[in-house]
Amino acid sequence: MAEEQQLFKITIDGITIEVPQGTTVLNAARMIGKEVAPPAMCYYSKLEGSGGKCRTCLVEVAAGSTKDPRPMPKLVASCRTVVMDGMIVKNKTSERVIDARNGIVEYLLINHPLDCPICDQAGECHLQDLGYDHGLAGTRYEFKRRTFVREDIGPYVQLHMTRCILCYRCVYVADQLTDHRVHGILDRGDHSDISTYVSKAIDNDFSGNMIDVCPVGALTDRTYRFKNRVWFLKPMDAHRDCDKCCGKVTLWNRGDEVYRVTARKDPWGEVQEIDGKTAWICNTCRFEKKKASDWTIEGPTKIDRHSVISANHYAEKVQPPDPLNKVLFGRKPLLLMDIHEVSKVNTPDIDLSKIPGPATSTTFIDRDEAKDIEQAEAERLLINDHKELP
Amino acid sequence: MTKKLLLDKVHVEGIRNFDVYRREGGYQSVEKALKMQQDDIVEEVKKSGLRGRGGAGFPTGLKWSFLAKPEGLSRYLVCNADESEPGTFKDRYLMELIPHLLIEGMIVSSYALGSTTSYIYIRGEYDWVSDILDKAIDEAKQNGFLGKNILGSGFDCEIYTHRGAGAYICGEETALLESLEGKRGLPRIKPPFPAVKGVWDCPTVVNNVETIAAVVPIINDGGEAYSKIGVGRSTGTKLISACGNINKPGVYEIDMTISVEEFIYSDEYCGGIPNGKRLKACIPGGSSVPILPANLLLKTAKGETRMMNYESLSDGGFATGSMMGSGGFIVLDEDQCVVRHTLTLARFYHHESCGQCSPCREGTGWMEKVFQKIENGKGEMKDIDLLWDIQRRIEGNTICPLGDAAAWPVAAAIRHFRDEFEWHINNREECLIRNYGLAHYADPLEAVVS
Ligand SMILES: Cc1cc2nc3c(=O)[nH]c(=O)nc-3n(C[C@H](O)[C@H](O)[C@H](O)COP(=O)(O)O)c2cc1C
Ligand code: SF4
Ligand code: SF4
Ligand code: FES
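So the sequences go chain by chain: A and B. The first sequence stops at residue 607 when you use this note's numbering, and every number in between is there. The second sequence stops at residue 485 when you use this note's numbering, and every number in between is there.
There's no promise every hint is true.
[To be verified] Reference excerpt, derived from the structure (chain A facing chain B, CB under 7 Å, subset only): (1) Arg-297; (2) Ile-321; (3) Tyr-324; (4) Asp-460; (5) Cys-462; (6) Lys-465.
[To be verified] Taking lysine to aspartate or glutamate and the EDC-like style, the derived pairs with C-alpha atoms no more than 16 Å apart in a straight line are: (7) Lys-218(B) with Glu-487(A); (8) Lys-404(B) with Glu-487(A); (9) Lys-291(A) with Asp-439(B); (10) Lys-413(B) with Asp-230(A); (11) Lys-309(A) with Asp-404(A); (12) Lys-519(A) with Glu-474(A); (13) Lys-408(B) with Asp-316(A); (14) Lys-417(B) with Glu-359(A); (15) Lys-218(B) with Asp-392(A).
Hints are computed from structural coordinates only; laboratory data are not their basis. Cβ coordinates follow ideal geometry from the N, Cα and C atoms, glycine included.
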C-alpha cells in the first residue's frame with residue numbers, strides 16, 4: 218500500500234532524518250547514529266513487546282508533529298513512541314532529559330551490588346557504561362541494599378538476582394524463543410524476583426540466549442564463570458554446521474583456547490540480524506563446542522560499542538595523525554638515543570667504560586665514519602646546544 | 036441540603052432486594068434507555084457534564100465517544116470497583132447498601148456502549164460485597180433485566196464480577212485489564228489506550244462505580260437537569276468518604292456548591308473535630324493528592340473560600356492547591372505528625388509499586404527508608420533535600436500514575452511542613468516520644484507560594 222511507504226520527517230537534537238511510518242523515535246535516533254541515540258536498557262528490537270520499563274531512553278518532544286506542533290508535557294519513552302511527521306525531539310540537548318536520566322541511573326544503582334570486580338559481565342555491561350556516562354561519583358544511598366541468594370538455573374545459566382535491573386528481556390526470550398517458559402518474575406516492586414517455576418530448571422535448546430540479552434551480569438554463563446575477563450579475550454567470528462540454529466557465533470579466545478561462545482552482537486549490544494533473521498544460537502553451539510577445531514574461523518570480530526570490550530578492537534576509530542611533523546616544521550627530531558642504534562650496544566666493539574660521560578646514539582656509530590660523527594654532532598649542537606662531547 | 040441522587044434510598048428497608056428496589060422506582064432508566072438510540076444516551080451523558088469519579092475526573096461522555104467501533108470486534112464495559120486508595124471507601128458503601136443501582140447503571144451503560152459482556156472488577160478484600168453484587172445480578176437476570184433479549188429490546192447483556200487479589204495497582208485501568216485477563220497486574224504502556232485496545236485486545240471503557248451509578252439519574256432526569264446541579268464543570272453530586280479526626284466519619288453525598296469549611300464543621304457532614312482540637316491539615320481527595328495545611332484548605336491563596344469541587348480544590352495548582360481525586364477526605368488535627376503520616380503513605384506506595392519501571396520501583400523504597408530514618412530520630416538536614424530530589428525525578432517519568440501518586444504527597448508534605456521535618460532533625464530524641472506541632476499549625480500559616 219502506498220500509505221505504508223510514507224516517510225515521516227523527524228528532527229532529533231537538530232539532525233533531521235526521514236523514516237518509514239511506524240518507526241519508533243529510538244530507532245530513528247539509531248539510524249542517525251550513536252551521537253543522538255538514547256541509551257536503552259530494556260528495549261530489545263528483536264523481542265516483541267520489550268521496552269518502556271527502564272525509562273533510560275526518555276526524551277523530550279519539543280513538537281509533536283507538523284499538524285500539532287505542541288510540545289508534549291511529559292518526557293516520553295523513545296523506545297515506545299512512534300514518530301509523527303514533523304516531530305522535533307531533544308535528547309542530549311535537553312537538560313530535562315539529562316537530569317531525568319541521571320536520576321534513573323541513580324535509581325538503578327541504589328540496589329545494585331556494584332560488584333564489578335568479580336562480575337563476569339564487567340567490560341561489556343550496559344549498566345557500567347550508563348553509570349559511566351550519567352552516574353554520580355559517589356552514592357547518596359545509605360541503606361542496606363537488596364540482596365538475593367545466587368541460584369543456578371539449569372546446567373548452564375547462573376542467576377545473580379542481586380544484579381538484575383528487571384528489564385524483563387529474559388522473560389521475553391523465554392516466551393518468544395523457547396517452547397515453554399518456566400521462569401518469570403515473581404512478587405512485585407523492588408522485591409521482585411526472577412525465578413524458575415517451582416524450581417524447574419531452565420533446560421531448553423535456546424535458553425542460553427537469555428545470557429546474551431541480559432544487560433547486566435544477572436544471568437551469566439556457568440561454563441565461563443570466573444574463567445577470564447572479557448577484555449583479555451580475542452573475539453573471532455566463526456561458524457559451524459548446526460541443525461538447530463544458524464551456527465554463526467563469536468568465539469572468545471585466548472591463544473588457541475575457546476573460553477566462551479556468544480551470539481554475534483550489533484553496535485547496540487543486541488544479537489545481530491544475519492540474512493534477515495535474528496542470529497540466536499542454540500545451547501549446543503554456546504555451551505558444548507569449546508574447541509577451536511569445532512569451528513571454522515572467519516576472522517577477528519569488529520566490536521563497535523562504547524564499552525571496555527571495544528578495547529583494542531576499535532572499528533570506527535581512526536588513528537590520529539602524528540603531530541610531530543607539524544610541530545617540528547618538517548625537521549627530524551634528534552633522539553638522545555636512537556632505538557635502532559641501541560642494538561649496537563650488543564656488539565662488543567666499544568668499551569663503554571672508556572667513554573667520557575654518558576653514552577649517546579652517536580657513541581655507537583661506526584667510528585670509522587668520522588665524517589658522519591662530525592655531522593651528527595653539528596646537528597646536535599644546532600638543535601639543543603648541548604656541549605658535552607664524546 | 037443536597038438533593039441526593041445516589042444515596043437517597045440507601046436506608047429504605049430491604050433496598051438490597053430487587054423487589055424493594057424496583058418498587059422504589061429502580062430499573063426505570065433501563066426501560067427508558069432501551070427505547071433510545073445508543074448515541075443519544077452518550078449525548079445525554081455528555082450534556083450532563085459528568086466527570087469520572089475514579090480520580091482523574093475525565094469527562095465521561097467524551098470518554099465514551101472515544102470508544103473505537105471497528106467491524107467484527109466486541110466492545111466491553113469494565114467497572115472499576117477495585118477501590119484501594121487509602122481514605123477512599125465510597126464505592127464499597129454504594130455497592131454494599133444499594134447494589135442494584137450499580138447493576139442498573141451497568142445495564143444502561145453497556146447498552147449505550149454496545150457491550151454485551153460487562154465486568155465488575157472488585158477489590159479482593161470486598162468479598163462479601165462481591166457476593167451481594169452476584170445476588171443482585173442474579174435477581175436482575177431472573178426479572179429479565181439481564182440475559183438474552185432484555186425487555187424484548189433485542190439487546191443481550193451479561194455482567195460478571197471478578198475479584199482482585201489484593202493489589203492496589205490493579206485499580207489502574209490497564210493493570211486492571213491485565214489482571215482481568217488472568218495475567219500479572221502490570222500497567223500497560225500507553226498508547227494504545229483501552230478505548231482502542233482494552234480487554235482481550237478489544238475496545239473497552241473502564242469507569243468507576245460511582246460514575247456508572249450516576250448514569251442512572253442522568254437517564255431518568257436527563258443530562259440537562261443533572262448539569263444544573265453543582266457549579267461550573269463540577270456537575271451533579273459527589274460521594275465523599277470522610278475519615279480521620281472528625282466527629283462523624285462516613286460517606287456523604289454532596290452537591291459541589293458547599294465550602295470545605297462547611298463540610299468539616301457542619302453537623303450535616305463531618306460535624307467538626309473531636310475533643311476540642313483544632314484543624315491542622317487535610318488530604319481532600321485520597322492519599323495520592325497533595326496535603327494542604329489548614330489555612331490553605333479553608334481559603335485559597337487568593338483569599339477566596341475553598342469549595343468542595345474540582346476547580347476550587349485544585350485552585351493554585353500544586354503550589355497552594357490540591358485535587359478532588361477520588362473523594363477520600365482525610366482530616367488531621369493538631370496532634371498529628373505530618374512526617375509520620377507521610378511515612379505511612381510512602382510505605383504504602385513502596386509496598387504497592389508493581390516494579391515495572393525503575394523510578395517508581397527503586398524511588399518509592401528509597402523514600403520510605405529516608406522517612407524511617409527521619410521519623411526514628413536519625414535524620415540529617417540533607418535528607419530533606421534528598422527526599423525532594425527523589426520525588427522530583429519519579430514524577431512524570433513513570434509508566435503509570437502510581438509513580439506520581441507516590442511523589443505528590445511527599446512533595447506537598449515538604450512544601451507545606453518543612454519546619455516539621457527540620458524539627459525532627461533538630462530534636463532527634465524528642466521526636467521519638469512526641470509529635471511535633473501541638474497547636475502550631477492550628478493557626479493559619481502564611482500561604483506558601485513557590
Ligand atoms: C494506582 C492507581 C490506582 C487506581 N485505583 C482506582 C480505583 O481503585 N478505582 C477507580 O475507580 N479508579 C482507580 N484508578 C483510576 C483508573 O485508572 C481510571 O482512571 C478510572 O477507573 C477511570 O474511571 P472514571 O473515568 O470513571 O473515573 C486508579 C489509578 C491508579 C493510577
Ligand atoms: S535477569 Fe537480566 S535480562 Fe532478566 S530481567 Fe534481570 S537484568 Fe533483565
Ligand atoms: S509507575 Fe510504579 S506501579 Fe506504575 S508501572 Fe511503574 S513501577 Fe509499576
Ligand atoms: S529502553 Fe525505553 S524504557 Fe527502557
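Here is how each hint holds up against the structure:
Interface restraint check for Arg-297(A): the shortest CB-CB distance to chain B comes to about 5 Å, inside 7 Å, so the restraint holds. At about 6 Å, the closest approach between the beta carbon of Ile-321(A) and any beta carbon in chain B falls short of 7 Å, and the interface hint on this residue holds. Look at Tyr-324(A): its Cβ gets to within about 4 Å of chain B, closer than 7 Å, so that hint holds up. Annotation: interface hint on Asp-460(A) violated; nearest CB of chain B at approximately 35 Å, more than 7 Å.
Taking 7 Å as the C-beta contact cut-off toward chain B, the hint placing Cys-462(A) at the interface is violated, the least distance being around 30 Å. For Lys-465(A), the shortest C-beta to C-beta distance to chain B is roughly 33 Å, which exceeds 7 Å, and the interface hint is violated. For the hint linking Lys-218(B) to Glu-487(A), the alpha-carbon distance of about 28 Å lies beyond 16 Å, and the restraint is violated. Among the hinted pairs, Lys-404(B) with Glu-487(A) is inconsistent with the structure: their alpha-carbon atoms are about 36 Å apart, more than 16 Å.
Among the hinted pairs, Lys-291(A) with Asp-439(B) is consistent with the structure: their alpha-carbon atoms are about 12 Å apart, no more than 16 Å. Note on Lys-413(B) and Asp-230(A): the hinted pairing is violated, with a Cα-Cα distance of about 45 Å set against a maximum of 16 Å. A distance of roughly 35 Å separates the Cα atoms of Lys-309(A) and Asp-404(A); the hinted pair therefore is violated under the 16 Å criterion. Distance hint between Lys-519(A) and Glu-474(A) is unfulfilled; the C-alpha atoms sit about 19 Å from each other, more than 16 Å.
The hinted pair formed by Lys-408(B) and Asp-316(A) fails the criterion: a straight-line CA distance of about 26 Å is larger than 16 Å. Proximity of Lys-417(B) to Glu-359(A) is assessed by CA-CA distance (about 12 Å); at most 16 Å being required, the pair is judged to hold. Of the supplied pair hints, the one linking Lys-218(B) and Asp-392(A) holds, its CA atoms being roughly 14 Å apart against a limit of 16 Å.
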